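Chemist: Note that UniProt numbering numbers the sequence shown so that position 233 is 233, with each residue one more than the last.
Just so you know, these hints were derived from the structure itself, not from any lab. As the structure is a prediction and not an experimental result, all values here were calculated from the model. All residues carry an ideal CB built from backbone N, CA and C; glycine is no exception. Misleading hints may appear alongside valid ones.
Have a look at the derived ranges for each label pair, beta carbon to beta carbon [what the hints assert, rightly or not]:
no., residue 1, residue 2, range
1, 541, 405, 56 to 64 angstroms
2, 57, 324, 55 to 63 angstroms
3, 512, 390, 33 to 41 angstroms
4, 65, 512, 53 to 61 angstroms
5, 174, 533, 49 to 57 angstroms
6, 112, 72, 47 to 55 angstroms
7, 150, 233, 28 to 36 angstroms
8, 249, 146, 22 to 30 angstroms
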Amino acid sequence: MTSDLEKHLSLDEKPKIEHDEAADYGEHALVNIAVDRITEAPDFADGAKAANDREHALSFRDGCRHYPGALLWGIGMSFTIVMEGYITSLGRNFITFPAFARKYGVFQAEKNRWVINAKWQVAMGDMGMIGTLIGLVIMGFVTDKFGHRYVMMVGLVLIVAFNFMTFFAPNVEILATAGLLGGIPNGLFGILGSVYASEVAPLPIRGFLTSFVNISWIIGQFAASGLMTRMVKIDTEWSFRIPMAITWAWPVPLFIMAVFAPNSPWWCVRRGDYAGAERSLRRLASPKHVSAADTRRSLALLVRTNELEKSMKTKASVWECFRGTNLRRTEIASMTLATQAFSGQTFAYGATYFFVMAGLSTKDAYNMGFVSTGAAFVATCISWILNGWFGRRPLIIYGFSVMTGILLVIGGLALVDKQSAIWAQAGLCVVWLFVYSMTIGPQSFGLAAEVSATRLRSQTLAIARFFYVLMSFLCNTVEPYLINPTALNLKGKTAFVWFGTSFLTVVWCIFRMPETKGITYTELDLLFEHRVKAWRFKSTKVDVTEEIEQ
Numbered sequence: 001m002t003s004d005l006e007k008h009l010s011l012d013e014k015p016k017i018e019h020d021e022a023a024d025y026g027e028h029a030l031v032n033i034a035v036d037r038i039t040e041a042p043d044f045a046d047g048a049k050a051a052n053d054r055e056h057a058l059s060f061r062d063g064c065r066h067y068p069g070a071l072l073w074g075i076g077m078s079f080t081i082v083m084e085g086y087i088t089s090l091g092r093n094f095i096t097f098p099a100f101a102r103k104y105g106v107f108q109a110e111k112n113r114w115v116i117n118a119k120w121q122v123a124m125g126d127m128g129m130i131g132t133l134i135g136l137v138i139m140g141f142v143t144d145k146f147g148h149r150y151v152m153m154v155g156l157v158l159i160v161a162f163n164f165m166t167f168f169a170p171n172v173e174i175l176a177t178a179g180l181l182g183g184i185p186n187g188l189f190g191i192l193g194s195v196y197a198s199e200v201a202p203l204p205i206r207g208f209l210t211s212f213v214n215i216s217w218i219i220g221q222f223a224a225s226g227l228m229t230r231m232v233k234i235d236t237e238w239s240f241r242i243p244m245a246i247t248w249a250w251p252v253p254l255f256i257m258a259v260f261a262p263n264s265p266w267w268c269v270r271r272g273d274y275a276g277a278e279r280s281l282r283r284l285a286s287p288k289h290v291s292a293a294d295t296r297r298s299l300a301l302l303v304r305t306n307e308l309e310k311s312m313k314t315k316a317s318v319w320e321c322f323r324g325t326n327l328r329r330t331e332i333a334s335m336t337l338a339t340q341a342f343s344g345q346t347f348a349y350g351a352t353y354f355f356v357m358a359g360l361s362t363k364d365a366y367n368m369g370f371v372s373t374g375a376a377f378v379a380t381c382i383s384w385i386l387n388g389w390f391g392r393r394p395l396i397i398y399g400f401s402v403m404t405g406i407l408l409v410i411g412g413l414a415l416v417d418k419q420s421a422i423w424a425q426a427g428l429c430v431v432w433l434f435v436y437s438m439t440i441g442p443q444s445f446g447l448a449a450e451v452s453a454t455r456l457r458s459q460t461l462a463i464a465r466f467f468y469v470l471m472s473f474l475c476n477t478v479e480p481y482l483i484n485p486t487a488l489n490l491k492g493k494t495a496f497v498w499f500g501t502s503f504l505t506v507v508w509c510i511f512r513m514p515e516t517k518g519i520t521y522t523e524l525d526l527l528f529e530h531r532v533k534a535w536r537f538k539s540t541k542v543d544v545t546e547e548i549e550q
């Protein structure tokens with residue numbers, strides 16, 4: 001698989017060191033040469049190839065043993081999503097709290113209860129999403145300039161500051177405004193964990209770390225659900241103010257962790273700081289299993305991939321995401337994340353409110369919500385095993401197909417006006433969430449994080465997350481009007497709407513979504529450059545040695 005591009009990329013064109021000077025470095029010039037002159041080493045290409053082959057040879061167990069630092073810091077930085085999952089879950093479920101409804105809602109005489117009307121349900125959800133969109137725009141520009149760690153630390157400080165406004169909000173208008181401001185740092189956190197994990201992880205543990213974002217989200221929701229099952233029994237404002245106050249506890253350990261975390265080696269390479277990249281690689285690896293020579297070869301692979309992308313005229317710019325083969329990569333990343341919104345996530349993840357509107361008691365609804373979150377946690381753990389067996393593309397397509405069928409059944413049961421049908425719908429929502437968390441939930445985060453060019457990872461994921469939030473914004477705007485008793489009051493028949501969007505998304509996945517499992521970033525660059533069909537990514541073999549040497 002060759003072209004004029006690879007010939008143009010010939011390493012013979014790189015700056016050369018004099019023959020007698022090269023001899024001074026010995027047989028292994030790559031290891032002995034000064035790190036800032038790594039591209040001048042005669043065995044630079046061989047070192048990059050060796051690192052590429054080594055990543056393919058490592059098993060998952062080897063990856064964990066050889067790179068414990070990557071495992072630790074990748075998981076640690078992903079824990080910012082725990083906080084986002086916690087905060088998001090609070091916002092979705094407070095509307096069913098009797099005390100919250102009395103404070104910020106209106107009295108519904110025909111049902112003799114207080115409710116948050118559809119207009120303010122939409123406003124509170126949408127204001128948070130608008131803030132998230134603003135945060136994502138900022139993230140796309142500042143992460144490459146300042147690095148993941150500093151952006152995260154600033155975001156954590158903002159979370160603490162804006163939560164004061166949420167906690168002391170005297171009316172629903174101020175509460176919605178606080179949601180707007182709090183959404184800005186949430187926009188930063190929503191993608192930083194995935195970006196960082198994808199850049200510190202070697203190939204054998206990359207899938208695990210990039211999908212860990214999903215379980216972090218679930219842990220946050222699990223914590224919120226467990227707390228709310230207790231708080232809903234309290235009939236005062238403290239029932240919702242205590243969960244709000246706990247938000248102040250999350251940023252402290254996360255800030256300390258961000259201070260000591262290593263910079264992404266890819267970020268250092270993009271800045272030309274090869275020494276900094278090598279220091280980060282050493283901190284990510286175990287010196288017992290990864291030698292200095294192995295680290296230097298890994299650095300050579302990073303530098304080589306960066307040079308390859310620069311030669312493809314891939315500039316670290318947001319606008320570059322919409323040019324050439326990067327446009328396809330941006331489409332895949334954006335649609336892969338947006339599949340979550342199109343799958344009926346708004347309906348099934350907000351099932352607690354649906355359960356109440358369908359006729360379950362508030363206590364039963366929250367118990368079902370807690371069970372759902374526990375099922376999601378178990379399913380995400382199972383997904384790591386399934387990903388090792390099947391890969392991302394099959395899991396997403398088959399999982400999506402099953403979820404689409406479940407939505408159709410939920411909608412059909414809504415046509416039966418019996419209490420047993422309501423419990424059946426509730427049970428199917430739990431099954432839907434289990435399948436979601438076993439397939440598209442974790443896998444979509446991982447695939448979106450892996451599919452972009454390394455020089456455009458922050459920008460591509462910011463755009464992808466922006467598109468996902470925008471689609472969620474539209475879905476969240478529509479959902480309350482579909483299900484709310486003061487609007488269309490469709491109840492379980494709302495599932496028919498999401499069945500339609502889910503079915504269309506399955507069709508897109510079949511024709512446009514590639515496999516990324518077991519493919520290094522260098523190989524992905526070449527597969528996209530040669531415009532390989534999505535369903536052929538896994539079977540197409542790229543000879544990295546040939547591509548590099550020609």
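Chemist: Hint by hint, which ones does the structure fall short of?
Modeler: Those not satisfied are hints 1, 2, 3, 4, 7.
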